[in-house]
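Residue numbers (our numbering), protein chains in the order written: chain A, 1 to 456; chain B, 1 to 336.
Incorrect hints may appear among the rest.
[Claimed, not checked] Simulated restraints, written as ranges between beta carbons of each label pair: (1) B:Pro82 to A:Ala189: 30 to 40 Å; (2) A:Trp84 to B:Lys144: 27 to 37 Å; (3) A:Ile98 to B:Glu154: 48 to 58 Å; (4) B:Gln112 to A:Thr236: 50 to 60 Å; (5) B:Ala149 to A:Ala189: 42 to 52 Å; (6) B:Pro82 to A:Ala397: 28 to 38 Å; (7) A:Met361 to B:Glu295: 43 to 53 Å; (8) B:Arg137 to A:Arg444: 48 to 58 Å; (9) B:Arg137 to A:Phe24: 30 to 40 Å; (10) A:Pro161 to B:Asn159: 58 to 68 Å; (11) B:Lys311 to A:Glu423: 46 to 56 Å.
No lab work stands behind these hints, which were simulated from the structure alone. For glycine and all other residues, C-beta sits at the position ideal for the given N, C-alpha and C.
Read off the chains here:
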Amino acid sequence: MRKNLNVIAAYSIMMALILMVGIFQSWNIALSIFNLCLISAVMTMGANIQWGYAGLINFGIMGYTALGGLAAVLISVDPVQEAWRAGGFDIIMSLWLIVVMVLVIRFVLKRFEKSKIRTYSIAAIIISGVLLIRFSAEPGIEAIEAVDPAKTGFLGGFGLPIIFSWIVGALFAGGLAFIVGKVALGLRADYLAIATLLISEIVIAIIKHEDWLTRGVKNVIGLKRPAPYEVDLQTTDWFIKLVEKFNSGKLSVIENLADRQAALNQLVIEGSSVFVKLCYSGLFLVVVIILLILTQKALYSPWGRMMRAIRDNEEAANAMGKNVVKQHLLIFILGSAIVGIAGAMLVTQDGLFTPGSYRPMRYTFLIWVMVIVGGSGNNFGAILGGFVVWFLWIEAAPISLFLINFFTSGIPETNALKAHLIESVPYFRFLMMGLGLLFIMRYRPKGILPEKIEIK
Amino acid sequence: MDFVNAIILLLNYIFIPALTYGSQLALGAIFVTLIYGILRFANFATGDMMSFGTMMTILFTWYFQSLGVSLGVLPTALLAIPFGIIFMILYMLLIDKFVFKYYRHQKSPPVQFAMVSIGVMFVTQAVVRIIIGPGDRRFFDGEKFIIKAREFKEMTGLNEGLAIKSTQVLTIFVTIVLVSLLFWFLNKTKTGKSMKAYSDNEDLALLSGIDPKKIVLVTWVIAGILATIGDALYGLDKSFKPFTYFNNMLPIFAAAIVGGIGNPFGAFLGGYVIAFSEILLTYAYKKFFMYVLPESMEPDSLVQLLSTDYKFAVSFSILVIVLIYRPSGIFKGKVL
C-alpha cells in the first residue's frame, strides 16, 4: 500500500480533475474527456509495450490507429451488394494476384542464393506485379466507385456487430506490424523512428485514396453502435422514469405541471447523451482493465524479464541465447495490435471514419508525449500519461483563455494584441504539450510515475 | 515537330517543376544532414523551424511592402530574407542553448535527442501558429512569369507552351550559388574542414584542438541560412502554410537519408532524386505518347503509373527501399 502511494495519489488527482470538469462545465464534456482518456490509455499501453519494455521506437502509431478504424468500417457496415456484383470479381482476382506474387517471391527467396540477380529479379517481379494488378483491378474499381457514389461507392463490410472490430483491428494492425517489423526492425533507433513514421504516412495515403475499400476522403458515417441511440432512449419509459427518479428533488420544486414536464424533457435529452457515454465508458473500462492485467502479468513474467534484459543490454541477452530479433518482432506486433484495438474503439465511439483526420501530430507525437510524460516502462504511468495529456490537450484552450484574460485584464478588449491572442487560443495547446515534454525530459526523465521493478 | 512538342511537354510539366522542387528539398536535406552529421541527431523539428524562418521573412516582407520598398520585377521577399535569416539563427541558438546543449553535455543517446526535438517541434508549431495563424499566406509580388505559355507558343509556333515562372528560375539559381558556396566552405576553409573532422570523429577532432562550441555555432548558422532561404523560396513558389511545412519535413528526411545521411553532397542530390521520382512516377504520359507514337498506337488510358494522390508515398517508398538495401544511402553517408 505504502509504496503505491504515489500511484494512488496521482490517479486520485486525475479523477478529481475530471469530476471538477463535470461539476463546473458539464457531465457531457467530462464523460467525453474520460472516454477519450481511456482510448488514449489503450494507445499508450501499446506504445509503452514497445518503448518501455523493449526500447523499440515506433513513430507509426497513426498508421495502426487508422487500420483499427478501417477494421471497424469493414466489420460493421452492411455489404453493398450492387458494388460486389459490379466489381467484386475483379477485386477478388487482384487479391489472388497479390497472393500469387507473394508466393512467387517467397519461392525465389528460398530457392536461389542471395545474389544481385536475385535482388533484381525480385524487383522486376514486384514492379510487373504491381502494374498487372493495377491494370486488372482498374475496371472493377471504377465500376465499384460508380455505384451510387454519393452514398456508397465502396464494397462495404460484413454487417457484423462493431464490437468484433476491436479484435479484427488488432489483427490488422498486428499484420501490418509484422511486415514493417520484418523490413525495418534492423535499423538503428532514430532511423527506425523515421522509417515507421513514413510507412504510417504511406498507410494513410492508401486509406485516403483507395475509395473502393474505404470510401476515402468521402468518409463513412453512421456506423452501427454497440450502445443505444439517444433518440430511442428519449422515448423509452424506463429511461424517463430513471431520469425522473434521479432528479426527483429538482423536479418536485417546480409547481406548474407543464413546466415540470418541460424540465423533465430537457433532463431526459441531457441524460440520454450522458447515458450513452456511460455505456461507452463501461465498455472501454473493461478493455483497459483487461489489457492492464495482461500487460502487468507479462511485465513480471519470465518473458518480461527477458524483454528488459534485451532492452538494457542486447549483446548480453543475445549471448545468453535469447533470440533478440524474434522477440523484437513479437513485441512490435503485440504493441501495434493494442494500438489497433484503440483505433477501432475510437471509430466505434465516434460512429464515423474520416481518413483525412489522421495526422501525425495527433495520433503519433501526442501519444509519444503521453508515454514519456506518464512514465515509460510503467503501465500505470503510461495510462496516467494518457489521462493527463489528453485532459490538458482538451482543457488547454479554456486554461490559456483564462490566463490571457487574467494577464491582460488591464488592456481594453479592442486592443489588437489581445484580440490576436484570444483568436489564437487553440494553438496554445501545442505550446503546453511542447513545454511539458521538454520540462519532463529535462527534470524528470523517467516520467511522472517512473518504472519500478521489484523482484517478487 | 511532334517530337519537339513532346520534349517541350516534358520540360514544362516534369523537368522544370521537378528541378525547382528538388532544389527546395535539397536545401532542406542539407540542413537535416548537417545537424545529423555534426550534432548527431535526427531533428524532427526541421519542418517547423523552417516555417519559423519563412514566417519571419513574410513579416519583414509585409513591413517593407507597407513602407513601399520594392525590388521592381523581383519579389520584395528577397530583401526580407536576410532579416529572416538573422531571426531564424537567433531562434535556433536560443533553442540550442536552453534545450539541446544540456543533452549534448550529458552525451545522451540519439533517441533522447529525437524526443527532445519533438518537444521543440510542438513549441515551434505553437509559436508560428500564434504569431501568423494557420492559414494560407501568399507573399509573392513582382513579375510572375519569365515566359508565359501563350507567348512561347506564338514565338515558336509549337502546339505546346513552355511557362517559366520567375520563382522557379530564382530557386534554381539561388540553390546553385548557395550550394557551391557551402561546398567551397566545407572543403577549402579551415572552419569547414574542422567541421568535417568533428563529424567524422569527435574525439580525434577535440584532441587536435578544435573548439566544439564554435563548431556547433557555425553549424546552426549555416543551417539557419539554408533553411530560411530554402523554405522562403518554397513559400514564394507555392504558398506559406505551417501545416504544409510540417509535411515537407518527411520528403526532406527521405532526401537526406537516400543521399546518405551526414553527407551534404548526397543530401543535395537526394533532393533531386526524390523530386524527380515523385513527379516522373505520378505524371500522366498520355499526351506525350500521343505526340511520339503513330496515331494507330495512341493509348486510351492516362498512362499514369501511380495516381497523383500517392506523390508523397512514392518518396517514402524509395526511402524504405534504400533503408533496406543500402542503409548508408546512395552516396555513402554514416553507416547505420
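How the hints compare with the structure:
Between Pro82 (chain B) and Ala189 (chain A) the C-beta distance comes to about 38 Å, which sits within the given range of 30 to 40 Å. For Trp84 (chain A) and Lys144 (chain B), the Cβ-Cβ distance of about 50 Å falls outside the hinted range of 27 to 37 Å, so the restraint is violated. In this structure, Ile98 (chain A) and Glu154 (chain B) meet the distance hint of 48 to 58 Å, their C-beta atoms being roughly 51 Å apart. With their beta carbons about 55 Å apart, Gln112 (chain B) and Thr236 (chain A) fall inside the hinted range of 50 to 60 Å.
Against the hinted window of 42 to 52 Å, the Cβ-Cβ separation of Ala149 (chain B) and Ala189 (chain A) comes to about 49 Å, which satisfies the hint. For the hinted restraint 28 to 38 Å between Pro82 (chain B) and Ala397 (chain A), the CB-CB distance of approximately 37 Å keeps it satisfied. A hinted range of 43 to 53 Å holds for the C-beta pair Met361 (chain A) and Glu295 (chain B), which are about 51 Å apart. About 39 Å separates the C-beta atoms of Arg137 (chain B) and Arg444 (chain A), a value inconsistent with the hinted range of 48 to 58 Å.
Between Arg137 (chain B) and Phe24 (chain A) the Cβ separation comes to about 38 Å, which falls inside the hinted range of 30 to 40 Å. For the pair Pro161 (chain A) and Asn159 (chain B), the supplied restraint of 58 to 68 Å holds, since their beta-carbon distance comes to about 60 Å. The hinted window of 46 to 56 Å between Lys311 (chain B) and Glu423 (chain A) is violated, with their beta carbons roughly 33 Å apart.
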